[in-house]
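A.B. asks: Residues per chain are reported as follows:
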Amino acid sequence: MTAPKRANRKKIKDKDFELVRAINSGQFDRFADLVKSYEQKLYNFSLRMCRDAADAEDTVQETFLNVFRYLKDFRYETKFKNWLYRIAASTCIKKRRKSKFAPQRELSLDEFYPQGEAEVPQQVPDWAQLPLDKVLSNELLDKINEAIFTLPEKYRLVIVLRDIEGFDTAETAQILNLSEANVKVRLHRARLYLRDRLKGYFENE
Amino acid sequence: MNKNEHDHRHCLELFEKLSEYLDNELDEVTCRDIEKHVKECVPCFVCLQTLKRTIDLCKQAGNRSVPEDFSKKLKEAIQNMPKSPPAR
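Those sequence lines, one after another, are chains A and B.
What the first sequence shows, in the working numbering, is residues 1 to 205, in sequence order.
What the second sequence shows, in the working numbering, is residues 206 to 293, in sequence order.
Source of the hints: derived by calculation from the structure; they are not laboratory data.
Keep in mind that a hint or two might mislead.
List time: in silico BS3-like cross-link candidates among lysine-lysine, alpha-carbon distance up to 25 Å [claimed, not checked]: (1) A:Lys199 to A:Lys41; (2) A:Lys81 to B:Lys264; (3) A:Lys94 to A:Lys41; (4) A:Lys41 to B:Lys222; (5) A:Lys10 to A:Lys81; (6) A:Lys134 to A:Lys154; (7) A:Lys36 to A:Lys81; (8) A:Lys41 to B:Lys264; (9) A:Lys199 to B:Lys257; (10) B:Lys280 to A:Lys94; (11) A:Lys41 to B:Lys280; (12) A:Lys41 to A:Lys15; (13) B:Lys277 to A:Lys199; (14) A:Lys134 to B:Lys257; (15) A:Lys36 to A:Lys15; (16) A:Lys36 to A:Lys79; (17) A:Lys199 to A:Lys143; (18) A:Lys94 to A:Lys154; (19) B:Lys222 to A:Lys36; (20) B:Lys280 to A:Lys36; (21) A:Lys199 to B:Lys222; (22) B:Lys277 to A:Lys81; (23) A:Lys11 to A:Lys79; (24) A:Lys81 to B:Lys278; (25) A:Lys13 to A:Lys81; (26) B:Lys264 to A:Lys72.
These numbers were taken from a predicted model, which means no experiment stands behind them.
Taking the hints into account, I'd like the entire structure generated from these sequences.
C.D. replies: Spelled out as structure tokens, the structure:
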């Protein structure tokens, strides 16, 4: 059996399909609608990846310029949003390499596995069993965002795409050009890292 | 298992899969295995609950508004782009 020809691949008609088609057919003014639609999401994604506000702004602008430049190449074989985030992630990675914030390190499962009498939990702490609204506070949200910032980039990218932006495993793998297995490993470690930070926060409260 | 020990191989195997379990990405047999295990193993139950809450909290992280100055600058940059994409 031969692979289907590129031209025969089914087009994905997502919510941006008509708008992207309109732009690609010459209605370039409508690109502003695309920017309006994704500006805030991309700004926050970039801020979480770059940390520095000026870098995040540069990244968003560069992403939209790249999207405009390459939109004609978009084949509607994926959701437009996934393609957009692929460009955004790649732009953030390039920006980060030039940035001073780049604490790269591997997170190993062992460092999160509770061992020894002092670490082995014997009961669910309040922060994990009270209703969510009883636990949430602005200070806690600041702590969560701060903890996300301290994650090494490759783990941060995955957790931001999965747990904040809401992409599924397959989409995240496609955006980052990783295997799904790799996405799952990174996500689990990133979540365990954040869990430890939250645990520390609540224990020292 | 002694309540102060948490070095059981089965615990470690399941510990690796807790995120996939919470994301409904495991087969039914493994799911049942985890559910059975956490009923009997308090440390693993606590790990599962704290991980679940971490995900819930992460989803609440929230978004900042785009600074007005930047939004204006971005709009201008878009308006100043060539009216047709560059030829390839």
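A.B. asks: Are the hints correct? Go through all of them and say.
C.D. replies: Hints versus structure:
1. For the proposed pair Lys199 (chain A) and Lys41 (chain A), the alpha carbon gap of about 28 Å is over 25 Å, so the pair is violated.
2. Between the alpha carbons of Lys81 (chain A) and Lys264 (chain B) the distance comes to roughly 19 Å, so the proposed pair stays at or under 25 Å and holds.
3. The straight-line distance between the Cα atoms of Lys94 (chain A) and Lys41 (chain A) is roughly 19 Å, inside the 25 Å bound, and the hint therefore holds.
4. A hinted pair counts as satisfied when its Cα atoms are at most 25 Å apart, and Lys41 (chain A) with Lys222 (chain B) does not qualify at roughly 30 Å.
5. Proximity of Lys10 (chain A) to Lys81 (chain A) is assessed by CA-CA distance (about 17 Å); at most 25 Å being required, the pair is judged to hold.
6. A distance of roughly 32 Å separates the Cα atoms of Lys134 (chain A) and Lys154 (chain A); the hinted pair therefore is violated under the 25 Å criterion.
7. Under the criterion of a C-alpha separation no larger than 25 Å, the hint pairing Lys36 (chain A) with Lys81 (chain A) is consistent with the structure, at around 13 Å.
8. A distance of roughly 14 Å separates the Cα atoms of Lys41 (chain A) and Lys264 (chain B); the hinted pair therefore holds under the 25 Å criterion.
9. The hinted pair formed by Lys199 (chain A) and Lys257 (chain B) meets the criterion: a straight-line CA distance of about 13 Å does not exceed 25 Å.
10. A threshold of 25 Å between alpha carbons decides the hint, and for Lys280 (chain B) with Lys94 (chain A) the separation of about 23 Å falls inside it, so the pair holds.
11. Restraint check for Lys41 (chain A) and Lys280 (chain B): satisfied, since their Cα atoms lie roughly 16 Å apart, inside the 25 Å limit.
12. For the suggested pair Lys41 (chain A) and Lys15 (chain A), the alpha carbons sit about 16 Å apart, so the restraint of at most 25 Å is met.
13. At most 25 Å may separate the alpha-carbon atoms for a hinted pair to count; Lys277 (chain B) and Lys199 (chain A) exceed this at roughly 41 Å.
14. The hinted pair formed by Lys134 (chain A) and Lys257 (chain B) meets the criterion: a straight-line CA distance of about 16 Å does not exceed 25 Å.
15. For the suggested pair Lys36 (chain A) and Lys15 (chain A), the alpha carbons sit about 14 Å apart, so the restraint of at most 25 Å is met.
16. For the given pair, Lys36 (chain A) sits about 18 Å from Lys79 (chain A) by alpha-carbon distance, which is consistent with the 25 Å threshold.
17. Restraint check for Lys199 (chain A) and Lys143 (chain A): satisfied, since their Cα atoms lie roughly 11 Å apart, inside the 25 Å limit.
18. At most 25 Å may separate the alpha-carbon atoms for a hinted pair to count; Lys94 (chain A) and Lys154 (chain A) meet this at roughly 13 Å.
19. For a cut-off of 25 Å, the pair hint linking Lys222 (chain B) to Lys36 (chain A) is broken: about 39 Å separates their Cα positions.
20. A C-alpha spacing of about 9 Å is found between Lys280 (chain B) and Lys36 (chain A), which places the hinted pair at or below 25 Å, so the restraint holds.
21. Among the hinted pairs, Lys199 (chain A) with Lys222 (chain B) is consistent with the structure: their alpha-carbon atoms are about 20 Å apart, no more than 25 Å.
22. Restraint check for Lys277 (chain B) and Lys81 (chain A): satisfied, since their Cα atoms lie roughly 23 Å apart, inside the 25 Å limit.
23. With a C-alpha separation of about 9 Å, the suggested pair Lys11 (chain A) and Lys79 (chain A) falls inside the 25 Å cut-off, and the hint holds.
24. For the proposed pair Lys81 (chain A) and Lys278 (chain B), the alpha carbon gap of about 23 Å is at most 25 Å, so the pair holds.
25. Using a Cα cut-off of 25 Å, the hinted pair Lys13 (chain A) and Lys81 (chain A) holds, with the two alpha carbons roughly 12 Å apart.
26. Distance check on the hinted pair: Lys264 (chain B) and Lys72 (chain A) sit about 34 Å apart at the alpha-carbon level, beyond 25 Å; violated.
Hint compliance for this structure: hints 1, 4, 6, 13, 19 and 26 are not met, and every other hint is.
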